[in-house]
Structure formats: C-alpha cells, structure tokens
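Participant: One-letter residues, chain by chain:
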Amino acid sequence: MIEVRNISKSFEDKLVLDDLSIIFEEGKTNLVIGGSGSGKTVLIKCLVALYKVDSGSIIYHGRDFTLLNEDEKRDVRKEIGMVFQGGALFDSQSVEENVAFPLQMFSPMSPEERKERVNFCLNRVNLPNAHNLYPSQLSGGMKKRVAIARAIALNPKYLFCDEPNSGLDPKTSIVIDNLIKEITEEYSITTVINTHDMNSVLEIGDKIIYLFKGKKWWEGDKHEILETDNEEINNFVYASELFKRIRKASI
Amino acid sequence: MLFKNDVRLKHQMLQFLHTTGEYFLFLKGVFSKPQKFAWFRKQLFYEMNSLGINSLPIITIISLFMGAVITIQTAYNIDSPFIPLYAVGLATRDSIILEFSPTIISLILAGKVGSSISSEIGTMRVTEQIDALEIMGINSASYLALPKIIAAIIINPFLIIISMFQGILGGWFFGSLAGVVTSTGFVYGVQYAFQPFYVTYALVKTVFFAFLITSISSFFGYYTSGGALEVGASSTKAVVYSSIFLLVMNYLLTQLLLS
Chain A
0 MIEVRNISKS FEDKLVLDDL SIIFEEGKTN LVIGGSGSGK TVLIKCLVAL YKVDSGSIIY
60 HGRDFTLLNE DEKRDVRKEI GMVFQGGALF DSQSVEENVA FPLQMFSPMS PEERKERVNF
120 CLNRVNLPNA HNLYPSQLSG GMKKRVAIAR AIALNPKYLF CDEPNSGLDP KTSIVIDNLI
180 KEITEEYSIT TVINTHDMNS VLEIGDKIIY LFKGKKWWEG DKHEILETDN EEINNFVYAS
240 ELFKRIRKAS I
Chain B
0 MLFKNDVRLK HQMLQFLHTT GEYFLFLKGV FSKPQKFAWF RKQLFYEMNS LGINSLPIIT
60 IISLFMGAVI TIQTAYNIDS PFIPLYAVGL ATRDSIILEF SPTIISLILA GKVGSSISSE
120 IGTMRVTEQI DALEIMGINS ASYLALPKII AAIIINPFLI IISMFQGILG GWFFGSLAGV
180 VTSTGFVYGV QYAFQPFYVT YALVKTVFFA FLITSISSFF GYYTSGGALE VGASSTKAVV
240 YSSIFLLVMN YLLTQLLLS
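For the protein sequence lines, the chains are A and B, in the order given. Under numbering that gives the first Met the number 0, the letters of the first sequence match residues 0 to 250, in that order. Under numbering that gives the first Met the number 0, the letters of the second sequence match residues 0 to 258, in that order.
Hints are supplied without guarantee of correctness; some may be wrong.
[Claimed, not checked] In silico EDC-like links for lysine to aspartate or glutamate, alpha-carbon gap of 16 Å or less:
(1) B:K32 x A:D70
(2) A:K156 x A:E24
(3) B:K236 x B:E119
(4) A:K170 x A:E202
(5) A:K206 x A:E24
(6) B:K27 x A:D70
(7) A:K221 x A:E202
(8) A:K180 x A:D205
(9) A:K215 x A:D17
(10) A:K44 x B:D130
(11) A:K44 x B:E127
(12) A:K156 x A:E185
(13) A:K44 x A:E25
(14) A:K215 x A:E231
(15) A:K51 x A:D17
(16) B:K32 x A:E69
(17) A:K51 x B:D130
(18) B:K35 x A:D74
(19) B:K41 x A:E96
(20) A:K77 x B:D130
(21) A:K221 x A:D196
(22) B:K27 x A:E69
(23) A:K221 x A:D205
(24) A:K72 x B:D130
(25) A:K215 x A:E230
(26) A:K215 x A:D18
[As the list claims (entries may be wrong)] With the C-beta cut set under 8 Å, the calculated list includes, among others, these residues of chain A facing chain B:
(27) R76
(28) K77
(29) G85
For the record, the hints were derived by calculation from the structure and aren't laboratory data. All of these numbers come straight from a predicted model, not from anything done at the bench. Glycine residues also receive a C-beta, built at the ideal position from the N, C-alpha and C atoms.
Please take these sequences and the hints and turn them into a complete structure.
Facilitator: Spelled out as structure tokens, the structure:
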C-alpha cells in the first residue's frame, strides 16, 4: 500500500498538485485519470521521488519516502518497477540485456539463473523470441511489453505505469492492460497507472482517482464511474461521440 | 538602458554561479562508489575503446599534417644564416610536445568526444532512460559519467604520446619531401637538447583536459531537458564550455609548471 498524505507540488508559481491525499491499494490496479495538464505525470514522478514534493508525505508500507536520504531512497526504489510512456529501454542494449540489467545490478543470481529469469519474464509478456532484438527494431507494443518485463524482473512490490497505452492501437492496449492486471493480482503488487484511456478505465480500473487542476476530484471504481453524477467526470468519460451514444442508449 | 544592462549582467552572473554549483554537485554524485565493480570495469573498457581508440584515425591525420605544416612554416621563417637548419627539427619537436599535441588535439577531442558524450547522455535524459536508471535505484550520474571520465583520463595520455610521434614523423617526412630540411638535420634537431620534463608537462595537461572535456560534456548532457533541439543545444554548449575551460586550464597549468 502507498499512502499519499496532503502533498503539494508547484513549479515556480504554478501549483500542479494541490493538497492531494490518496491511498493506493495493494493487489489492485489503481488508475489515476484526468485530462492533459491535470498533474498525473507529476504525481507519479513525485511518488517515485523523481520530483521532490513541496509539502506532505508519501508512505510506502510505513516508510515515509519524503524523509529518506538518497541512499535510503535507492533501497526503496529497488522494490519499484516502472513502465515509462515511451518504454525508456536502453538503446545500446538488446531486449535480453535490458531485462537482465536490474538483475545484474541488484541480484546475486548466477548467469544461468539470470538467463532463466529473463526467459521467464519475456515469456510472461509473450515475447519468447525477442531476446536478441534491439529497441529500435521493436514496435510500440513490443517496447511496452519489454518495459513491463524489465519492471517485473526483480519482483517489485510497487509497479508504476505512465500512460502505458499511449500510441498503441485498441487491441494492443487491451493486451497491455490485461497483462498489467494479471501481474498485479499474481504477485499482489501495488500498481499505479496513469492513463486517459477510457478503455483501460473500464477494463482494469479496480480503483480510479480522477485528478482535476491538481486536486483529487473524484474516487471510485470502474462501475461507479459510469453512474456518477459528477459533471466534471462525465465530461471526461463521455467526451467522445461513441461514449455519448452508449450512455444515451443505456439511459 | 544602463539599468537594463545591469539587470541582465546580474542575471547572467547568478546563472553562471548556479551552473557552477550544479556542476560541482554533479561531480559529487559522479565520484561515488560504483554500483557494481564488474559492470564498471566492463563500461570502462568499452569507453576506452569508444572515446580513445576510435579517435585514433582523426588524431593520426591531424598530427601528420600539422607536423608537416609546422616544419615547413618554421623552415620558411628561418632565413638567418646564423641559425642552423637543425633548429627546424628542434622547433617542430618542442611545438608539438609542448602545445600542439596536448592542447590542439585535446581541443579536437573536445569537439569529437564532447559532443558525442553530451548528445548520448542528453538523449538518454529526454527519452527517460536516466529516470529509468534512477527508479531502479542506480546512481545515474556515476553510472553514466564515471566510466567516461576515468576512461579518458587513462587513454588520452596514450593518444597524446602517439600524436607526438606522428606529428614529428609528419614533420620529418613532409619536410624532407618538400626539401625544406635534410633528413639527418631534422633528426639531429629532434634529438638536440631534449627536455624530458616537457613530456611530463604535456601529459599532466592532458590528464586535466581529459577530465574537463568528459565531465563538462557529461554535465551538460545530464541536465538536458526538452527534446531534440535541446539535445543539440547541450551538445554545442558542451563543446564551447569544454574548449573555453580547457584553454583557461592550459594557461594556468603553463604558468604553474613552466614559470
């Protein structure tokens, strides 16, 4: 579980996160949704301490991340896996080397055990034959899957995904969503996903937090989001013509 | 107008102080214990090859031709019958050892290696690869910059020694070919009144220059933000600042070691 208590973050004079308090639950896919500029990416970067919060605390199973020094933060980060929007795979390394990288750095595994673990992770994301490919040779969906494989290599307790579906077609998006959901439940990970993809919300949203102007505007699950009267949420959820028609038909 | 200029100057001064402070904080992060020594050693050899051995062709071409030009120009300028012709070899040797090889070759490396380091690290920054390293719990500054800095400090003195030989060789070969010096006269001049301390001086300078080039370029790459345009801008800044500080350091070291 990750507990966010009253965090605020501003850049120069612009307040991006405004006194935000959220609990991200273990074994669930926690989705943070909101329009562009609502503070989703800043929130996720504050959660992993890539940005320092101005005030408030972020607690990982009783450890206040904001009070730790750099070395202690690095120890907590070893329990974190992150899937970036663009994958953030290391260009100079093959798929196998990318997935093996955290293992080489932090695990006492022998080369054979490492190879076995890499094979397991790549099989888990349905890429059993991509070992020798380089990031430039991969499609967008494959990059995301390799990024997921790398993120789960060290059996993380926390998984963060920043817009894992951006730039992907709807079918591949569902594959990625289901993969994240399965991994979350399988290993009882606390997963936080930033997205503005409504398909993801309805597919895997165990817990949904809607951000608006840096504040938590609404909280619920994938069923409640369709029934809420909150106007701001409805404007977001039913922004597309397709969803408007679906809603009209259901009413 | 005067007020506006004062404000701008003050802003620039503050910016300079801020960047200098940031650079030293970056160095503090860089010089920490490597995460895994085996990985560091692997990266070190990779960088020695990438930054050093791969620079040999350009160093060879420049050294040979600069040696040739120094010889021909020196011979052309010696028109007094009281100056012996072997002075051409001596002047060429000293010019190459004292200034050309350590300073000019390092300036060329600042362009070649500096822009490569800065754009490589800058691209990693804008594509979030550095963030990925940080989130894995890796000290990214040390992981990325330390092998490059140490590799350059180790390999550059060898490159400069090779450049010295090539420069003198170029001077002898092309000078003889052009007929401005005799082969024996040039070789005699090269051996005449040789001061081994000049080589020490050149190598001390090289080590400082290697550190400046790699650390400044890594710094500008590391703090890149934005996209492709900013990566290009960081790369330019890396080359410009490395060159300026290299020349300042050249002056300081010359004052310290030779005066």
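Participant: Each of the hints needs a verdict: does it hold here or not?
Facilitator: Hints, one by one, checked against the model:
| no. | hint | result |
| --- | --- | --- |
| 1 | B:K32 x A:D70 | 12 Å, holds |
| 2 | A:K156 x A:E24 | 12 Å, holds |
| 3 | B:K236 x B:E119 | 14 Å, holds |
| 4 | A:K170 x A:E202 | 12 Å, holds |
| 5 | A:K206 x A:E24 | 8 Å, holds |
| 6 | B:K27 x A:D70 | 14 Å, holds |
| 7 | A:K221 x A:E202 | 8 Å, holds |
| 8 | A:K180 x A:D205 | 9 Å, holds |
| 9 | A:K215 x A:D17 | 8 Å, holds |
| 10 | A:K44 x B:D130 | 9 Å, holds |
| 11 | A:K44 x B:E127 | 11 Å, holds |
| 12 | A:K156 x A:E185 | 12 Å, holds |
| 13 | A:K44 x A:E25 | 19 Å, violated |
| 14 | A:K215 x A:E231 | 12 Å, holds |
| 15 | A:K51 x A:D17 | 14 Å, holds |
| 16 | B:K32 x A:E69 | 14 Å, holds |
| 17 | A:K51 x B:D130 | 14 Å, holds |
| 18 | B:K35 x A:D74 | 15 Å, holds |
| 19 | B:K41 x A:E96 | 14 Å, holds |
| 20 | A:K77 x B:D130 | 13 Å, holds |
| 21 | A:K221 x A:D196 | 13 Å, holds |
| 22 | B:K27 x A:E69 | 13 Å, holds |
| 23 | A:K221 x A:D205 | 6 Å, holds |
| 24 | A:K72 x B:D130 | 14 Å, holds |
| 25 | A:K215 x A:E230 | 14 Å, holds |
| 26 | A:K215 x A:D18 | 9 Å, holds |
| 27 | R76 | 4 Å, holds |
| 28 | K77 | 4 Å, holds |
| 29 | G85 | 6 Å, holds |
Hint check: a violation occurs at hint 13 only; the rest are consistent with the structure.
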